[in-house]
Structure formats: C-alpha cells, structure tokens
Amino acid sequence: MQKNSVLQDTDIEINTDPCANPADTAPLPFSLALTFLIAGIYFGVLLTKAQVISWIRIQEMFHFQSFHMYGVIGSAIITGAIGVQVLKARKQQTITKQAITIRKVDFQKGQIVGGLIFGIGWALTGACPGPIFAIIGSGYSVFIVILVSALAGTWVYGRLRNRLPH
Amino acid sequence: MFDWLFAPWPWYVAGPLLGLTVPLFMWIDNKRLGISSVLRHICAAAFPAKIPFFTYNWRNERWNLLFVFGIFIGAIIATNLLTAPASFEINSSLQTYLAAHQITQYPRGLPTDLFSWHSLFTMRGFICMVVGGFLVGFGTRYAGGCTSGHAITGISQFQWPSLVATICFMLGGILATYCILPFIL
Chain U
4 MQKNSVLQDT DIEINTDPCA NPADTAPLPF SLALTFLIAG IYFGVLLTKA
54 QVISWIRIQE MFHFQSFHMY GVIGSAIITG AIGVQVLKAR KQQTITKQAI
104 TIRKVDFQKG QIVGGLIFGI GWALTGACPG PIFAIIGSGY SVFIVILVSA
154 LAGTWVYGRL RNRLPH
Chain L
-6 MFDWLFAPWP WYVAGPLLGL TVPLFMWIDN KRLGISSVLR HICAAAFPAK
44 IPFFTYNWRN ERWNLLFVFG IFIGAIIATN LLTAPASFEI NSSLQTYLAA
94 HQITQYPRGL PTDLFSWHSL FTMRGFICMV VGGFLVGFGT RYAGGCTSGH
144 AITGISQFQW PSLVATICFM LGGILATYCI LPFIL
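Going down the list, the protein sequences come from chains U and L. According to the working numbering, the first sequence is numbered sequentially starting from 4. According to the working numbering, the second sequence is numbered sequentially starting from -6.
In case anyone wonders, no lab produced these hints; they're calculated from the structure. Be a bit skeptical, because a hint or two may be false.
As the list claims (entries may be wrong) - Mimicking DSS-like on lysine-lysine, the simulated pairs with C-alpha atoms at most 30 Å apart in a straight line are: (1) Lys91/U x Lys43/L; (2) Lys43/L x Lys94/U; (3) Lys107/U x Lys91/U.
Unchecked claim - Just a few of them, taken from the derived set where beta-carbon distance is under 8 Å, the chain U residues facing chain L: (4) Leu35; (5) Ala36; (6) Phe39; (7) Ile41; (8) Ile44; (9) Ile81; (10) Lys107; (11) Val108; (12) Gly113; (13) Phe136; (14) Ser141.
Even for Gly, the Cβ is constructed at its ideal location relative to N, Cα and C.
So that you can see chain U by itself, here it is in the shape it has in the complex (with noise of 0.2 Å):
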C-alpha cells in the first residue's frame, strides 16, 4: 500500500511496512547489523565454493546436463522448510523476544510474466542478484555493468509498474 497508488505493494522480500511514516527509521543495533553482515559473508562464501556464480553450472542447470544446481537449491528449500517448522512447533520467538510471524505471499501475475523474464535474464547472464554482488567480489569487474543494467531494469519497472497487469 503506496503514497499515489492503489497498487498494493508486491514485493516479498520487503520486511518494513511500505505505508509506514517515512520519518520512522528503526534502529538497527551494532550487534544485529554485525550479525547481517557476517551471515552475508557466510552466504557469499558458500555462493563461491558450491560454484553457484557460475554461468557454465547455470548453464549445466538449464541444459539439464548436472545435477549440482538442483542439488543445491533443492537441498536448501528442504533444510530451510524444516527449520521453519521446528521454528513453528516450538513456537519460537526472536532473539528480542518477539513473536515470529509468516506473512502470506499473495499471488499476481507478476510472478508469472516477471518470473519468465527474470529467467532469461538469468539464463543470459548466468547470475541471480546474490551471485551478482559475489561474482564482482570474485574479480570479475565487468559485472558492475550487469549490476547496473539490473538497477535500471528495477528503476524501469518502479516507473512502469502502474501499467503493468499486476
């Protein structure tokens, strides 16, 4: 729910309320922005060990020539909904004591029309956004140019996103 906008706002990964007052910022303690910032060098770690910023596993996956993608990101969704149920049958709360919710994922047609074309972009340039931001930490410094392509594909749908079917 947007300021000028009747379109609900559709992004999952989003986890602050959209229609919040823009003056309220959230404090961010040092021990939980340190915490963020190590489990990302854990995530990019293991993005370059298991070979997942590579174009030609990416190509492997597509050409259904290996099994390694599959393996590692069917073997993830399953450790990740396991963690989840034991999250909900302890009823576990945060660190801070707080409640852990699930909020639904309502479904748009964005997640078809958008999925398709998100995945021939990743098709093309072997890359999902995590692998982005690791493969330039890997040296590859031509993929700024793919990170900036990617910010202006996402500015592009931010300008058109009124006349898209949602």
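Since the structure of chain U is already known, use the hints to place chain L on it.
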C-alpha cells in the same frame, strides 16, 4: 586434511548450509531473506524520482544492504583464500557446444570470451550482460522476489505463489537457453 576446503564444495554441503539462513533470519529478527530487493533499496536511496515504488523508508532495510555487502566480502575471501588453482570441470557436451561458439576459456566457471570488458562491445557480450542484467532487475521486481526470496525462502515457508514464480524462473531460463542463446553465442 584441509583439501576439502580448497576444492569446490558439493551440493549436499552447500545447499543445506545456504537453506539454514531462512530459519536463522526468522529467528534473529523476523526477517525474510531476499537479495534482489536490495536493487530496489539502492534505487530508493539514490534515484527515487518521486516514483511511489521507491518512496518508502529504505533505511529500515539497511540490514539487507549489510548482508549483501557481506556476500561481496565473502566472495573475495572464498576466491582469494579458499580456492586452489585447478581446472574447472564442465559437462562434456556443454564443452563441445560452447567450443563450437568459440567459448573455450572459463577460469572459475565464467567464460572470459563472453564476460569481459572487451566483449561488452560485441553483440553477444552486450546481450548477455547489458540486456540480461536489465531483465534480471526488471523481472525480479515484477515477480516480487528472486531465487533467494521466492525459491529458497518462499517455498521453504510453503507459499504456493513462490513455487509458481520459481517454476516460471526455470521456464524462462530454459526458453532463453534453447531459443535465444544458440542464436547469439
């Protein structure tokens, strides 16, 4: 003894370790893991242009910017400290197919004939990098998430629209692999 550290890690080690971040983020601070939204936060911070999609308080998502900065650092560490110089293994039919398109060098799994500053000015390099990057940015936001947001987090939480999105990611990728790449490589 530490050879495993320097060799590529198998899927059954890396996959579960990656998946663990989903419950971990929920437990740490009720967060939903998702990387492509960082592109939106950067747009919101740098060029919002009064577009409603970018006028939200991106500062509340600083943690995600830090996470992604960590990914960048993690890749530097893994590439420079945890990688032994070894030849990159590739499926033999893919190798033959790529060789037919004069793609023969792929140190660390990225074909330098395709992804380099020099090839940016070739048609295939331009399409794979500039057009491909644009589609990644446009498509992920239109879909509302990417491989981490929809595939790993969404499906882990049994969100069926995320499964639909993930199937479409795969279909789009297969379409590009069989119907676009053969003509531009």
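Hint check results:
Between Lys91/U and Lys43/L, the direct Cα distance comes to roughly 40 Å. Violation of the 30 Å bound is thereby established for this hinted pair. Between Lys43/L and Lys94/U the alpha-carbon distance is near 41 Å, which puts this suggested pair outside the 30 Å criterion. About 15 Å separates the Cα atoms of Lys107/U and Lys91/U, which keeps this hinted pair within 30 Å; it holds. Interface restraint check for Leu35/U: the shortest CB-CB distance to chain L comes to about 6 Å, inside 8 Å, so the restraint holds.
For Ala36/U, the suggested interface contact is upheld, since its CB lies about 6 Å from the closest CB of chain L, less than 8 Å. Restraint check, Phe39/U versus chain L: the minimum CB separation of about 5 Å is within 8 Å; hint holds. Given the 8 Å rule on beta carbons, the hint for Ile41/U holds: about 7 Å separates it from the nearest Cβ of chain L. Against a cut-off of 8 Å between C-beta atoms, the interface hint on Ile44/U holds, since the closest Cβ of chain L lies about 4 Å away.
With a cut of 8 Å, the hint placing Ile81/U at the interface with chain L holds, because the nearest CB-to-CB distance is about 7 Å. The interface hint given for Lys107/U holds, since its Cβ lies 7 Å from the closest Cβ of chain L, which is under the 8 Å cut-off. Hint on Val108/U holds. Least Cβ distance to chain L is approximately 4 Å, under the 8 Å limit. Look at Gly113/U: its Cβ gets to within about 4 Å of chain L, closer than 8 Å, so that hint holds up.
Taken as an interface hint, Phe136/U checks out: its beta carbon lies about 5 Å from the nearest beta carbon of chain L, inside 8 Å. Below 8 Å, beta-carbon pairs count as interface contacts, and Ser141/U has one with chain L at about 4 Å; its hint therefore holds.
The structure shown violates the earlier hints numbered 1, 2.
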